[in-house]
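A.B. asks: Sequence:
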Amino acid sequence: MKFEVGKKLEPFCCDTICQDGVSAEDLTEGLPTMFLFLRYYGCRICQLDLRDLDLGYEAVRRAGGRVVAVLQSKREILEAAAEEKPFPYTVICDPDQKLYRQFEILPAADRDELKGGDAPKKSARAVEMGLVHGEYEGNELQLPAAVLVDGEMTVRYAHYGTNAADTPPVEEIVRLIKEL
Numbered sequence: 311m312k313f314e315v316g317k318k319l320e321p322f323c324c325d326t327i328c329q330d331g332v333s334a335e336d337l338t339e340g341l342p343t344m345f346l347f348l349r350y351y352g353c354r355i356c357q358l359d360l361r362d363l364d365l366g367y368e369a370v371r372r373a374g375g376r377v378v379a380v381l382q383s384k385r386e387i388l389e390a391a392a393e394e395k396p397f398p399y400t401v402i403c404d405p406d407q408k409l410y411r412q413f414e415i416l417p418a419a420d421r422d423e424l425k426g427g428d429a430p431k432k433s434a435r436a437v438e439m440g441l442v443h444g445e446y447e448g449n450e451l452q453l454p455a456a457v458l459v460d461g462e463m464t465v466r467y468a469h470y471g472t473n474a475a476d477t478p479p480v481e482e483i484v485r486l487i488k489e490l
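For the sequence shown, the residue numbers in this note's numbering are 311 to 490.
These aren't lab readings, by the way, just hints derived from the structure by calculation. Treat the hints with care, since some could be wrong.
To be verified - The list that follows gives simulated cross-link-like pairs (lysine to any residue, SDA-like), each with its CA atoms no further than 20 Å apart:
#: 1; residue 1: Lys432; residue 2: Pro478
#: 2; residue 1: Lys431; residue 2: Glu450
#: 3; residue 1: Lys317; residue 2: Ala468
#: 4; residue 1: Lys431; residue 2: Lys317
#: 5; residue 1: Lys432; residue 2: Arg361
#: 6; residue 1: Lys488; residue 2: Lys312
#: 7; residue 1: Lys488; residue 2: Glu394
Claimed, not checked - Taking CB as the label site, the calculated pair distances span:
#: 8; residue 1: Ala369; residue 2: Ala392; range: 33 to 43 Å
#: 9; residue 1: Thr464; residue 2: Glu393; range: 34 to 44 Å
#: 10; residue 1: Gly374; residue 2: Val315; range: 13 to 23 Å
#: 11; residue 1: Arg435; residue 2: Asp330; range: 31 to 41 Å
#: 12; residue 1: Ala434; residue 2: Glu314; range: 11 to 21 Å
#: 13; residue 1: Arg371; residue 2: Asp420; range: 19 to 29 Å
#: 14; residue 1: Asp336; residue 2: Arg411; range: 31 to 41 Å
#: 15; residue 1: Asp406; residue 2: Ala434; range: 28 to 38 Å
#: 16; residue 1: Ala369; residue 2: Asp422; range: 31 to 41 Å
#: 17; residue 1: Lys431; residue 2: Pro398; range: 32 to 42 Å
#: 18; residue 1: Asp420; residue 2: Pro321; range: 30 to 40 Å
#: 19; residue 1: Thr472; residue 2: Glu320; range: 28 to 38 Å
#: 20; residue 1: Glu462; residue 2: Glu438; range: 38 to 48 Å
#: 21; residue 1: Glu368; residue 2: Gly340; range: 11 to 21 Å
Built from N, CA and C at the ideal position, the CB exists for glycine as well.
Using the sequences provided together with the hints, build the complete structure.
C.D. replies: The following block contains the structure:
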């Protein structure tokens, strides 16, 4: 079922880096929460999105919200990444892409679609920052998505990406949370 603004988020349970079988509602802690669906941890663009989120997460918290990142990565890979630098936000491990199917977050039709829009620019920025592509996981053509729910689990913002880089920047996430 696709995300629909004004409707309740369809319930789900998932596994995080730290815990199995956590409900979406528990992840929000009753706060406005942006669920950010990325590809997988080895993807340089996704690493860049996570790094930007690391740097801006305090602003998200000051705005009264949370972010939960969803990745098609195995727990072991995310645990290793968290050992190097802990994530200040919750990370869902979805290597079987269960949530992507549940919310109809489709892959790109081909590599050209995936690499469209700002993807080349964002990829170049990741390379400039020294980010290295890691292990390939999940669906290589996966497109991102973002959904913001309020404290009552009502969808207030929904976006299905049109290329690998099509995710809301942290500043937009903060603005959206503040507008609730």
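A.B. asks: All hints are to be evaluated individually against the structure, with a verdict given for each.
C.D. replies: Outcome of the hint check:
1. Lys432 / Pro478: holds, 13 Å
2. Lys431 / Glu450: Judged against 20 Å, a Cα distance of about 19 Å means the pair holds.
3. Lys317 / Ala468: Holds - the C-alpha atoms of Ala468 and Lys317 are around 11 Å apart, at most 20 Å.
4. Lys431 / Lys317: violated, 34 Å
5. Lys432 / Arg361: Given pair Lys432, Arg361 holds - Cα atoms ~12 Å apart, limit 20 Å.
6. Lys488 / Lys312: violated, 24 Å
7. Lys488 / Glu394: violated, 31 Å
8. Ala369 / Ala392: 33 to 43 Å: violated, 21 Å
9. Thr464 / Glu393: 34 to 44 Å: holds, 36 Å
10. Gly374 / Val315: 13 to 23 Å: holds, 20 Å
11. Arg435 / Asp330: 31 to 41 Å: holds, 35 Å
12. Ala434 / Glu314: 11 to 21 Å: violated, 35 Å
13. Arg371 / Asp420: 19 to 29 Å: violated, 39 Å
14. Asp336 / Arg411: 31 to 41 Å: For Arg411 against Asp336, whose Cβ atoms are near 21 Å apart, the range 31 to 41 Å is violated.
15. Asp406 / Ala434: 28 to 38 Å: holds, 32 Å
16. Ala369 / Asp422: 31 to 41 Å: holds, 35 Å
17. Lys431 / Pro398: 32 to 42 Å: For Lys431 and Pro398 the Cβ distance comes to about 26 Å; the hint is violated.
18. Asp420 / Pro321: 30 to 40 Å: Distance hint for Asp420, Pro321 holds at roughly 33 Å.
19. Thr472 / Glu320: 28 to 38 Å: Taking Cβ atoms as reference, Thr472 and Glu320 lie about 23 Å apart, which means the hint is violated.
20. Glu462 / Glu438: 38 to 48 Å: Since Glu462 and Glu438 have Cβ atoms about 41 Å apart, the given range 38 to 48 Å holds.
21. Glu368 / Gly340: 11 to 21 Å: holds, 20 Å
Checked against the numbered hints above, the structure breaks hints 4, 6, 7, 8, 12, 13, 14, 17, 19 and satisfies the rest.
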